[in-house]
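S.K.: Read top to bottom, the protein sequences are chains A and B. Each residue of the first sequence is one higher than the one before, starting from 1 at the first, in the working numbering. Each residue of the second sequence is one higher than the one before, starting from 1 at the first, in the working numbering.
It is worth saying that the hints were derived from the structure and are not from the lab. Any given hint could be a false lead.
[Said to hold, decoys possible] Below, computed lysine-lysine pairings styled on DSSO-like, alpha-carbon distance capped at 30 angstroms: (1) A:K716 <-> B:K80; (2) A:K68 <-> A:K254; (3) B:K45 <-> A:K157; (4) B:K45 <-> A:K68.
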Amino acid sequence: MTSADTRLQKYPVGIDSVSMAEIERRVPAGEAPPLPPNPQLAVIGKSIPRINGRAKVTGAAPFTVDVKLPGMLYARLLRSPLPHARVMSIDIGAAERHPGVRAIHVINDVVGRAVETTGQNTPAGTSGRRVLYVGDPIAAVAAVTPEAAQAAVDLIKVDYQPLAFVVDLEDARKPDAPRVFAHPVHGESFAGGNPAGTALPQQGNVRGPNKSGSRGDAAAGFADADVVIEGEFRTQVQTHCCLEPHGLVADWRKDGLTVYMSTQFTAGIRAELAAAFGLPLSRVRVIVDAMGGGFGSKSSAGNYARAAVTLSRQANAPVRLVLDRHEEQIDSGNRPATVQRLRVGARRNGTLTAIAIDTYGTSGVGLGAGIGNFAQAIYDCANFELVQSDVFINAGPGCAMRAPGNVPGAFALEQTIDELAEKLGMDPLTLRGRIDLSAVRREERRIGAARFGWNRRRAPGSDSGPIKRGLGMAQSLWGANVRTNSACEVRIFRDGSVEVLSSVQDIGTGIGTVLAQVVAEELGLRPEDITVRIGDTEYPAGPPSYGSLTTASITPPARNAAYQVLRKLIEIAAPSFAAAAGNLAARAGRISTADNSRSIGFREAAAQLPTDQIGVVASRSDDYADFARKMGDMASAQNALGGVQFAEVAVDTETGIVRVERVVAVQDCGRPMNPLQIESQVQGGILQGISYALFEERILDRHTGHMLNANLEQYKILRSRETPAIEVHLLENYQGMSATDAYGIAEPSNIATAPAIANAVYNAIGVRLRQLPMSPAAVLAALGRIPQRSGPT
Amino acid sequence: MLDTTLPDFLASDAQAAERDAVGPGPVPLTLDVNNVSHSLFIEPKTTLAEALRDSLDLTGTKVGCDRGACSACTVWLDGKPIAACMMLAIDVGSRKITTIEGLAHGDELHPVQSAFIAHDAVQCGFCTPGLVMSCAALLESNPTPTIDDIKAATSGHLCRCGTHPHVHDAMLDASRIRKT
Ligand code: FES
Ligand code: FES
Numbered sequence: 001m002t003s004a005d006t007r008l009q010k011y012p013v014g015i016d017s018v019s020m021a022e023i024e025r026r027v028p029a030g031e032a033p034p035l036p037p038n039p040q041l042a043v044i045g046k047s048i049p050r051i052n053g054r055a056k057v058t059g060a061a062p063f064t065v066d067v068k069l070p071g072m073l074y075a076r077l078l079r080s081p082l083p084h085a086r087v088m089s090i091d092i093g094a095a096e097r098h099p100g101v102r103a104i105h106v107i108n109d110v111v112g113r114a115v116e117t118t119g120q121n122t123p124a125g126t127s128g129r130r131v132l133y134v135g136d137p138i139a140a141v142a143a144v145t146p147e148a149a150q151a152a153v154d155l156i157k158v159d160y161q162p163l164a165f166v167v168d169l170e171d172a173r174k175p176d177a178p179r180v181f182a183h184p185v186h187g188e189s190f191a192g193g194n195p196a197g198t199a200l201p202q203q204g205n206v207r208g209p210n211k212s213g214s215r216g217d218a219a220a221g222f223a224d225a226d227v228v229i230e231g232e233f234r235t236q237v238q239t240h241c242c243l244e245p246h247g248l249v250a251d252w253r254k255d256g257l258t259v260y261m262s263t264q265f266t267a268g269i270r271a272e273l274a275a276a277f278g279l280p281l282s283r284v285r286v287i288v289d290a291m292g293g294g295f296g297s298k299s300s301a302g303n304y305a306r307a308a309v310t311l312s313r314q315a316n317a318p319v320r321l322v323l324d325r326h327e328e329q330i331d332s333g334n335r336p337a338t339v340q341r342l343r344v345g346a347r348r349n350g351t352l353t354a355i356a357i358d359t360y361g362t363s364g365v366g367l368g369a370g371i372g373n374f375a376q377a378i379y380d381c382a383n384f385e386l387v388q389s390d391v392f393i394n395a396g397p398g399c400a401m402r403a404p405g406n407v408p409g410a411f412a413l414e415q416t417i418d419e420l421a422e423k424l425g426m427d428p429l430t431l432r433g434r435i436d437l438s439a440v441r442r443e444e445r446r447i448g449a450a451r452f453g454w455n456r457r458r459a460p461g462s463d464s465g466p467i468k469r470g471l472g473m474a475q476s477l478w479g480a481n482v483r484t485n486s487a488c489e490v491r492i493f494r495d496g497s498v499e500v501l502s503s504v505q506d507i508g509t510g511i512g513t514v515l516a517q518v519v520a521e522e523l524g525l526r527p528e529d530i531t532v533r534i535g536d537t538e539y540p541a542g543p544p545s546y547g548s549l550t551t552a553s554i555t556p557p558a559r560n561a562a563y564q565v566l567r568k569l570i571e572i573a574a575p576s577f578a579a580a581a582g583n584l585a586a587r588a589g590r591i592s593t594a595d596n597s598r599s600i601g602f603r604e605a606a607a608q609l610p611t612d613q614i615g616v617v618a619s620r621s622d623d624y625a626d627f628a629r630k631m632g633d634m635a636s637a638q639n640a641l642g643g644v645q646f647a648e649v650a651v652d653t654e655t656g657i658v659r660v661e662r663v664v665a666v667q668d669c670g671r672p673m674n675p676l677q678i679e680s681q682v683q684g685g686i687l688q689g690i691s692y693a694l695f696e697e698r699i700l701d702r703h704t705g706h707m708l709n710a711n712l713e714q715y716k717i718l719r720s721r722e723t724p725a726i727e728v729h730l731l732e733n734y735q736g737m738s739a740t741d742a743y744g745i746a747e748p749s750n751i752a753t754a755p756a757i758a759n760a761v762y763n764a765i766g767v768r769l770r771q772l773p774m775s776p777a778a779v780l781a782a783l784g785r786i787p788q789r790s791g792p793t
Numbered sequence: 001m002l003d004t005t006l007p008d009f010l011a012s013d014a015q016a017a018e019r020d021a022v023g024p025g026p027v028p029l030t031l032d033v034n035n036v037s038h039s040l041f042i043e044p045k046t047t048l049a050e051a052l053r054d055s056l057d058l059t060g061t062k063v064g065c066d067r068g069a070c071s072a073c074t075v076w077l078d079g080k081p082i083a084a085c086m087m088l089a090i091d092v093g094s095r096k097i098t099t100i101e102g103l104a105h106g107d108e109l110h111p112v113q114s115a116f117i118a119h120d121a122v123q124c125g126f127c128t129p130g131l132v133m134s135c136a137a138l139l140e141s142n143p144t145p146t147i148d149d150i151k152a153a154t155s156g157h158l159c160r161c162g163t164h165p166h167v168h169d170a171m172l173d174a175s176r177i178r179k180t
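Generate the whole structure from the sequences, applying the supplied hints.
M.R.: Put into structure tokens, the structure is as follows:
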């Protein structure tokens, strides 16, 4: 930046409840001026009701599953009934002749999993590929009705040569285990827990170790330690269970492809499909209006979207493909299972001398079953050793799920830290105060402890009756991610109406409402005055809704676009009321001089536009004090996001049932934009965390490879009766880093819950549960009331 | 011949069933939905959820599992909440169906709908129509529900986004507003 196109500005910095100061930053010239803290703002930071609330409570909100186009066909997928087989031949003759069938597509190239670098999946002498798990897609049919499509799928004859398979994580590690992949593999880290690495060793089904992320000298650190805590932790596979299934309507036409899709990333799907089908970006349009949940699993197009597009091209008609609940459970991604061995060394005063973690996990036939950056980044420890491996099993590939890696990682480390505190005779909060350098979490612990009543905590197992109560806490850490390839347009029309446009999608977080707030604040209008057009790649390309980066990526360009288009309007309108443009600002529906002596209504000003509309497109500038890291379109801000959660549980030692009675969460996301919507997301993160901690588990039958609970009645998820009292407190943490200084919340709110509960369970019963879920059977086994379960299923 | 004599009450049911057997092809039927009578020509295997969504374009009713496990498809049958995916349209008969589209009076929202908006008891919104129908039904039968009544009335609903705390707040508020 040259000083000609930058200027110096003073920004408020600090935590609202601690102290505020000012910092001077050099910022690009087009940036909107510094925004004061929330209490001084009219719209930002207020709990504005979400703009599509009415549509959602009246049933009017259009979801992808509601899209119906003229001449639309219905598609179904043929999926492998076997966990591992060579497809010798596929006969689609009878299916083709079935009445109503319009297109059949045999899937040869699959995506979203590890890929063999040699040998591939189609060995010579066979007519098809190897299917690697129950549910692996083989073919797709489009027909005039869903029934005809399913009937035709049932008529496809596949000659399978069954192959030996393995679905158990421990079995898969044995040297003589059936091989999921015969050759070395590569691929993306879809599950997001650890980097996929380029040239990692691979022995049998074990790919690794991946030692990236280590630092210092762990052996020396342990030699320095007064105490060493060791433990092994196991976490299960969790499935996303978005209530709206994965689905799309693909409409291939001569002049381009339009896709209506339940997705977390319209612009990403556009790029993916354009590349897959050799189309220019300008000829692919992706649209999503209301979107029924993704949690990481609707970030890419996957095999199903490619199949639907292919069918549409073949049939020359729009094709609807929506997965059913069974397909959702077996082939729409999942959070990988992990087994983590931790060693933590410390001095008597609590100072950490070494952390060593040896972990393996399974993402099925995918990569990325690691433990994220939680243990690596949260505590002050010079010596950190991380050894991670992916283990392949014949199960559907994992994919990112709300705070991938850090959720299982925190479950293990935060319990280990509590064990260390106990061994040192320290309160868990005191120990964390010593080893956690974050000033934000320090304040979060202080507020949380006071609100929760941490001083009520007693020695483990203090209750004498069969129902024992306990208190526990744990912390959260997640990167403050930003996607700089995020753009937005703000338009002012001659009648005074205003539009904000971006392809960013609202997956339930309420980003559209936040955009209306940002633009309204800048233009001195009300949020309801702003028309929000999002979820369509016809608009400037916005960020994905993952990585907790949406707000951080799209609100600064929205504010800057609003600021710049307002300057244009002011230039045009200022002469009409004899004011100097430089000295005008918009507030309360008017454009006024600083001293309010002269003003003009926003509409009156807009009426002077020489054209029907003016607009400005802005994209995400870099954080003012630079990013900590930047790679391509992605960056992370200098300070990570955090949070501290406290849980109160009651454990019935006769039934083994754990009830979470109360959770207090103190979270930070920079400048909170809409506290009520943020509270909703935090509650969601906590409830998913409780559900993960106590109920959820994918169960695979090791004899058939089938998922035994591939539905919503046996795959148990928290519902209203298990919902505890939840209190959410938001820090306002100003850093002067962007035009809005706002960051994400979805993932940080999901990380601390399970370990906080586990620590509370320990406090209740005096026995530590190192395995998820903490089901009644697991609790009774830990108490020695029933035999231990023999290995995971 | 095997003795297939049935008790009288079952025998008459069986005879009636045989006499009334229809399908598998489409059959005419009328559905009273949101106080409007609709004539449909659909296969007897069509569920009420499918009839509403596919034949009547009332897509506010959502299908999350299609087997009675998530309650996303909740509508009212004569004012009582039921899972529309678990009932055949042909079995509705002359009973009145109310869907999420029929809950508000014109522009005036049902108090539960307003409270859901005010308390942000909505995230992705896919479970919302079903939850609203169960909550509104509870309020019709019990104007002053306790938190436990609310939890019980919504216990069948799966909300993956985790709106339950705000749903509880909204319901307590809606019942307070009703009282005053
Ligand atoms: S769709 Fe009817 S209960 Fe799930
Ligand atoms: S709001 Fe998304 S499932 Fe309930």
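S.K.: Please verify whether K68 (chain A) and K254 (chain A) have alpha carbons no more than 30 angstroms apart.
M.R.: Answer holds: K68 (chain A) to K254 (chain A) is near 20 angstroms, not above 30 angstroms.
S.K.: Taking 30 angstroms as the top limit, are the C-alpha atoms of K716 (chain A) and K80 (chain B) close enough?
M.R.: holds, 26 angstroms
S.K.: Would the pair K45 (chain B) and K68 (chain A) pass a check requiring their Cα atoms to be no farther apart than 30 angstroms?
M.R.: holds, 22 angstroms
S.K.: Does the structure keep K45 (chain B) and K157 (chain A) at a Cα separation of 30 angstroms or less?
M.R.: Distance ~27 angstroms between K45 (chain B) and K157 (chain A) Cα, so the pair holds.
Against the hints set out earlier in the document, no violation occurs for any number.
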